[in-house]
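Chemist: We have chain A; now place chain B onto it with these hints.
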Amino acid sequence: MLGNPMSLELTSKLGKTITTCISVLLVLIFSTYQALAQVAFEVSQENKHSVLSTFSNGALIKALMIGEVNPRDIFKIYVGAEEKEEIGDRSAILGTYRTIPGQIIFEPLVPFSEALPYLAVFGDSIEYQFQLTPPPNRPPTRLLEVYPTTDTVPANLLKIYLQFSEPMREGEVYDRVRIYGQNGDLIKNPFVPLHPELWDTSGRMVTLWLDPGRVKRALSSRETYGPIIEDGRSYRLMVDTLWKDAHGHTLETGFTKPFHVIPADRTKPETRIWQLTVPLSLTQNPLIIAFGEPMDFATTQHAFSVWSAKGEPLAGLTEVTGNEKLWKFVPEKHWISGIYRLKVYSKLEDLAGNNLNKVFDRDLANESMTPSEQEFYWVEFEVPDGK
Amino acid sequence: MKGISLFIPLMLVGGLVLGYDHISDLKSDFRVGDPEIRSINALAFGPEGIIFIGDSKRAEIFALDTHDQTPSKEVVDIAMENIDQHIAALLGTTSGAVVIQDMAVNPISQTVYIAVHVNDGKPILLRLNGDQFEHVSLEMVSHAKTGLNKAVKEDAVDRRGRPLRKWAISDLAYYNGNVMVSGLSNEEFSSTFRSIPFPFNENQVHSSLEIYHAAHGQYETHSPIKTFMPYELHGKTHLIASYTCTPLVIFPMDEMKPGEQTKGKTVAELGNRNTPIDIVSYKKDGKPYILLANTSRALMKIDPSMIENYKDYLVAPVEENSATAGVEFIALPYVNIQQMDKLNDDKVLLLQRMPNGALNLHTANSSRL
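In order, the protein sequence lines correspond to chains A and B.
Here the first sequence is numbered in my numbering, starting from 1 and rising by one per residue.
Here the second sequence is numbered in my numbering, starting from 1 and rising by one per residue.
So here's chain A without its partners, still in its complex pose:
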């Protein structure tokens, strides 16, 4: 390198949450062009990430304009904290290039990660290290809730849901969630290692299936490896703090959920034993259904709708609450006295995967357990006059 590196303050065009990194190096750039040039780098975190290089080498500007030089060959970005000489044969990052006279702008195909250092290399030897900083106001990602929220679960519990505050990175679930017995012994392979992992569309909630082969009775994997959790015992579900979110940051803290196991639930949920708290007319008080047992969080969220006597569905807010033993509905408009109907989707499940049509662990020899094929169930209720 010739000349001395120097710094130059440039005015940031970017917003206040934007990290702008600028440096200017005065160096010899291309062996091909044999010319001195100043190169300034600027990293934008706004909307689309980009790295901009500004230079004043007239010959290079012309060569880029007439297509004699490809910007990809001039300006490369690598992941890593090493200097160019140590990058070895690592590939440069894929992205798109835009050129305007005196500038090359690189936008990476995948936005830069806040958790990683990067190296921009202009020409052969002008190097610039950068790393994005998280916006100062963003709280760390947390595990908000583990469903079921109850601390007492049946021995044939089928599903666990983890709800996070931010989208998480895929591919880590089965390494980050563990179940320990009361002696601290690790329960081996409790979950079905499904690929793709079962994230919801927001990337914030993941479903874990307790191995049905070890949940159902008389199956070879249960006979071999035993049930996952047993009646009368206590366990701890632990979530590892090293789990990374979509930005590459680890969780704020780990998570421990102690729970106790009660006998397996081998009965279907029955609408006839539900207790309804029915509001008065002219109010917007909630309709509350008490199931008498904790239900599966996800299927309960969208198993219900409330219909008027005219056959129209009501708009309103719903909530699964009370350790998933309750479903609440608050209508947008006040209730009118008279008959309403609650429509219940038959796929509604309890914690053991029993739905309104059939038990999960069906004994084929027992004809009384023959499944129903009904798609919906209806529960009628009458809103009394509130005058």
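Hint data in this document are derived by calculation from the structure and do not stem from the laboratory.
A few of these clues could be false.
Stated by the list, open to error - Here are the simulated BS3-like cross-link-like pairs (lysine-lysine), alpha carbons at most 27 angstroms apart as the crow flies:
#1 A:Lys48 x B:Lys122
#2 B:Lys257 x A:Lys358
#3 A:Lys347 x B:Lys257
#4 B:Lys283 x B:Lys236
#5 A:Lys310 x A:Lys347
#6 B:Lys265 x A:Lys358
To be verified - Computed from the model, here is a short list of chain B residues facing chain A with C-beta under 8 angstroms:
#7 Ser56
#8 Thr94
#9 Thr275
All C-beta atoms, glycine included, are put in the ideal place defined by N, C-alpha and C.
Modeler: Coordinates of chain B only, in the frame set by chain A:
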């Protein structure tokens, strides 16, 4: 790289849009634009360089014209070490942030396509050109698409904006004018299988597949299909499907009716605590075989004539612990395979986690299978 040598680097994207030859019937309703793909969970090639993409987040199947239709002159063995680190470097991240979703080989050109998700699940499609990966743009492409919305229609987002249930696509295949797709819900442990006519139209066939699941010793409808392949048995097209606890089940395709349950026949129980990954067919010395790759068991080689001749469809539970039963298989010395596809009739491409932790892409010739 030194100076400004004019090597043509990686972003040979234009082919998807620019290579404009005559429009075939299959592509006549393709439109150029952004299909807005949000995830890639499964890949499969159809004819004429069309790649099918299963997008679980959008609950849609996309057909993209890759314009990759030049037959390969010779099928060369493909090998690349540390492929995850290589892809991570290209995408500016670490291998821990890259999840390889699926791999598919274009049967015309033998080009390898790999779909990955990065960090928050951004889908990226790459293809291998020599020893370099190219990015395949998913933004301005000639495409058609169809929805799987029947799967989630009952679950409209509730008024607090909680997200939709996801129908996770587990496998995808094109056969004889139909795109077949298997999937599992993030809420119900059930089996869903669809056959969608292509070019896409409204006549989706939606079959629920019931199997006798020997490992569980009872009729079983709760287990999702993990991987499947259409295959000719006794001169009739069957679906050969493998489930999460590895029963191998066959379904005659002509018995699948829209909306009806189809009872499959379990022909093998390939062991518990194992999840199948991919199933392909190949030929050795002119004789056809089936290969099944698994999470916790070795690569299994199955003679299809044994499936055809297997009369005693499994009806009794497998008694011995973690035992296998039914049609015999040969365990080949390939473990920890992550992805598998056929390169041609007698070469199979494997993406395999090696004992030293490296994730390598390599070719297995039929002489070694």
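Chemist: Now, for every hint given, state plainly whether the structure supports it.
Modeler: Hint by hint, here is what the structure shows:
1. Pair hint A:Lys48 plus B:Lys122 holds up; C-alpha atoms about 14 angstroms apart against a cutoff of 27 angstroms.
2. Simply put, B:Lys257 and A:Lys358 have alpha-carbon atoms about 23 angstroms apart, close enough for the 27 angstroms limit, and the pair holds.
3. With a C-alpha separation of about 22 angstroms, the suggested pairing of A:Lys347 with B:Lys257 holds against the 27 angstroms cut-off.
4. Straight-line distance between C-alpha atoms of B:Lys283 and B:Lys236 comes to about 19 angstroms, which keeps the hinted pair within the 27 angstroms bound.
5. Taken as a hint, the A:Lys310 and A:Lys347 pair is honoured in the structure, with Cα atoms around 25 angstroms apart against an allowance of 27 angstroms.
6. Restraint check for B:Lys265 and A:Lys358: satisfied, since their Cα atoms lie roughly 23 angstroms apart, inside the 27 angstroms limit.
7. Annotation: B:Ser56 was flagged as interfacial toward chain A, and the flag holds, the nearest CB pair being 7 angstroms apart, inside 8 angstroms.
8. Hint status for B:Thr94 relative to chain A: holds, with the closest Cβ pair at about 7 angstroms, below 8 angstroms.
9. Against a cut-off of 8 angstroms between C-beta atoms, the interface hint on B:Thr275 holds, since the closest Cβ of chain A lies about 6 angstroms away.
The earlier numbered hints are all upheld by this structure, with none contradicted.
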